[in-house]
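**Q** Dock chain F against the given chain H, drawing on the hints supplied.
Below, each chain spelled out in residue letters.
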Amino acid sequence: MFSKALSCELLWDAAVSGVVVGRQRWILSTMQKYGPELVTMLWRILGNEQDVCDAYQDTFLQLAHFEGGRKPDHVKAYVFRTANNIAVSMLRRRMAERNRLSGPIARTEATASPAIEVDSEYLQEALRRRIAKLPEHLRNVLALRDLAELSYAQVGRILGISPGTARVYRCKAIQLLAMWMSKEE
Amino acid sequence: MAITRADNQCRRLRTWLYTAMTRHWGAEAGWLQSHISSCPRCQRRLVSLGKVNLALSLMKARPHSLSLLMRANEQAIGVLKHGLRAEPQAARLKTTLPEPKLVERCGRYGHSVGHLAACVTVLLLMKIGVFSSMDTFQTEGQEIMRQYYARQVGQDLAEDVFPAQTKQSSSGNPRGVANV
Numbered sequence: 001m002f003s004k005a006l007s008c009e010l011l012w013d014a015a016v017s018g019v020v021v022g023r024q025r026w027i028l029s030t031m032q033k034y035g036p037e038l039v040t041m042l043w044r045i046l047g048n049e050q051d052v053c054d055a056y057q058d059t060f061l062q063l064a065h066f067e068g069g070r071k072p073d074h075v076k077a078y079v080f081r082t083a084n085n086i087a088v089s090m091l092r093r094r095m096a097e098r099n100r101l102s103g104p105i106a107r108t109e110a111t112a113s114p115a116i117e118v119d120s121e122y123l124q125e126a127l128r129r130r131i132a133k134l135p136e137h138l139r140n141v142l143a144l145r146d147l148a149e150l151s152y153a154q155v156g157r158i159l160g161i162s163p164g165t166a167r168v169y170r171c172k173a174i175q176l177l178a179m180w181m182s183k184e185e
Numbered sequence: 186m187a188i189t190r191a192d193n194q195c196r197r198l199r200t201w202l203y204t205a206m207t208r209h210w211g212a213e214a215g216w217l218q219s220h221i222s223s224c225p226r227c228q229r230r231l232v233s234l235g236k237v238n239l240a241l242s243l244m245k246a247r248p249h250s251l252s253l254l255m256r257a258n259e260q261a262i263g264v265l266k267h268g269l270r271a272e273p274q275a276a277r278l279k280t281t282l283p284e285p286k287l288v289e290r291c292g293r294y295g296h297s298v299g300h301l302a303a304c305v306t307v308l309l310l311m312k313i314g315v316f317s318s319m320d321t322f323q324t325e326g327q328e329i330m331r332q333y334y335a336r337q338v339g340q341d342l343a344e345d346v347f348p349a350q351t352k353q354s355s356s357g358n359p360r361g362v363a364n365v
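Protein chains in written order, with our numbering: chain H, 1 to 185; chain F, 186 to 365.
The shape of chain F in the complex, shown without the other chains:
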């Protein structure tokens, strides 16, 4: 228990430190922005860093032809031993096309899975009676408030403020809350 509390404290402290450092030392910090706007050397460095990142992004964004994997496999298998070339797996590799990863394939179903999970959670909450308990809690809270008003400012005014509760309590008090 003590360890868990210490862990939580550590986590809170880490988050707080990270936020504070980002605010004062991060790229968005005001003093840094004002310095960069007036320092040509920093501007040059940032421009060249941006250029490297841009070139890397361009390299990643440029696609190769769909048959490249197939051709590369075919060429590589061509220099392997005869027995390996005759394997059925080698024949399969010669016709393989690149396929998206499982995560990428499942990515488009992310929203649907999220909605489904939300529905299941709501159903589960209804099943275990969280909503009815909340309803009871709200009704009893309002009843207590009505009693408080009745005690402080009088029954007539309390009936004006909480007409529904008054009708309910006059028709019967199923929860056993004492009327004043």
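Next comes chain H alone, as it looks inside the complex:
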């Protein structure tokens, strides 16, 4: 009697997991379809391979748990926006940690030297710091347009704005970044 109950339970578990797998197979398809673009975008935002892997993992984990495993209506938009937000959060955490570890004197010394200013690593890090400070609507457009290299039409569709608005936001983002770059000098 006990063994019969056990076998029934096992069968039920197998059937349920089979249904769940069948229902969530689209996650793997999404990974196959948008994975390369996502990795490129995350790499450009973060510039560190381990951070890219972590952000990518978090993105798909959130996707798998979206409203109890339901497929979002616009998967591409969800995936790109989630990845972008996760990457920026990681960037901010990294910046805060760096600020905490290095004193204010060390920071002023790093920006004072003109030789460091033309260094590509320094430039990229400086831009990343400022991108993390941008308002969300401008940052999203900049990340999707310049770092993920999507067209304005695609950016508009993902963010729910018109391509013209996306162009304006991108222009504002660049102007703001340029202003911040010149202020720090």
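Careful, some of the hints might be misleading.
[Stated by the list, open to error] The following label-pair restraints were derived from C-beta to C-beta distances:
id: 1; chain 1: H; residue 1: S89; chain 2: F; residue 2: V232; range: 29 to 35 Å
id: 2; chain 1: H; residue 1: W26; chain 2: F; residue 2: V232; range: 33 to 39 Å
id: 3; chain 1: F; residue 1: C227; chain 2: H; residue 2: S162; range: 42 to 48 Å
id: 4; chain 1: H; residue 1: E97; chain 2: F; residue 2: G211; range: 44 to 50 Å
id: 5; chain 1: H; residue 1: W26; chain 2: F; residue 2: C291; range: 45 to 51 Å
id: 6; chain 1: F; residue 1: S318; chain 2: H; residue 2: G164; range: 48 to 54 Å
id: 7; chain 1: F; residue 1: C224; chain 2: H; residue 2: H74; range: 43 to 49 Å
id: 8; chain 1: H; residue 1: R98; chain 2: F; residue 2: G299; range: 49 to 55 Å
id: 9; chain 1: F; residue 1: R247; chain 2: H; residue 2: S162; range: 29 to 35 Å
[To be verified] EDC-like, lysine to aspartate or glutamate: derived pairs with alpha carbons at most 16 Å apart:
id: 10; chain 1: F; residue 1: K245; chain 2: H; residue 2: E125
id: 11; chain 1: F; residue 1: K236; chain 2: H; residue 2: D73
id: 12; chain 1: F; residue 1: K245; chain 2: H; residue 2: E97
Don't read these hints as lab results, they were simulated from the structure. Note that the Cβ used here is the ideal one computed from N, Cα and C, for glycine as well.
**A** This is chain F only, laid out in the frame that chain H set:
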């Protein structure tokens, strides 16, 4: 028909407006260049804009390692449900390498395709007789010119100027052009 004409006019006007505005208000405009060369504030702004663009280009130009996609997929699949991890598609994703897009892959064949298209166009033009029609057109044009010269300055001079046509027309006039 009227709509098409209006469209063409619109297009011409747009092009003309764009050219005129670029000439007077674009980055290459003389007054703007002379202002920038003497205004330190604009120079500072342009330098910082250039710096942002340079940093963005550097970010785009820096490549990641080839196995990054593979590792990211592996890590992400590791936290999915057991059933999904055991799927054959998951196993394929764990060994996937980034591939160039179809447009990038076909880009190197662009020149060859262009040459082939040009050859096909020439063959098509030969097939439909455009070249022979052009030849006929040229021959008849020269014949008319010869007749005009013959009428205006005399037959001898016309024969000197167009000797080939004269020989042809004396041997026979297949196109039926009247000799003067």
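**Q** Give a verdict on every hint.
**A** Hint check:
1. S89/H to V232/F: 29 to 35 Å: holds, 31 Å
2. W26/H to V232/F: 33 to 39 Å: Violated, since W26/H and V232/F (Cβ atoms, about 48 Å apart) do not stay within the stated range.
3. C227/F to S162/H: 42 to 48 Å: violated, 31 Å
4. E97/H to G211/F: 44 to 50 Å: holds, 45 Å
5. W26/H to C291/F: 45 to 51 Å: For C291/F against W26/H, whose Cβ atoms are near 29 Å apart, the range 45 to 51 Å is violated.
6. S318/F to G164/H: 48 to 54 Å: holds, 49 Å
7. C224/F to H74/H: 43 to 49 Å: Between C224/F and H74/H, where Cβ atoms are some 46 Å apart, the hint holds.
8. R98/H to G299/F: 49 to 55 Å: holds, 51 Å
9. R247/F to S162/H: 29 to 35 Å: At 32 Å between Cβs, range holds.
10. K245/F to E125/H: Status holds; Cα separation ~13 Å.
11. K236/F to D73/H: violated, 39 Å
12. K245/F to E97/H: violated, 26 Å
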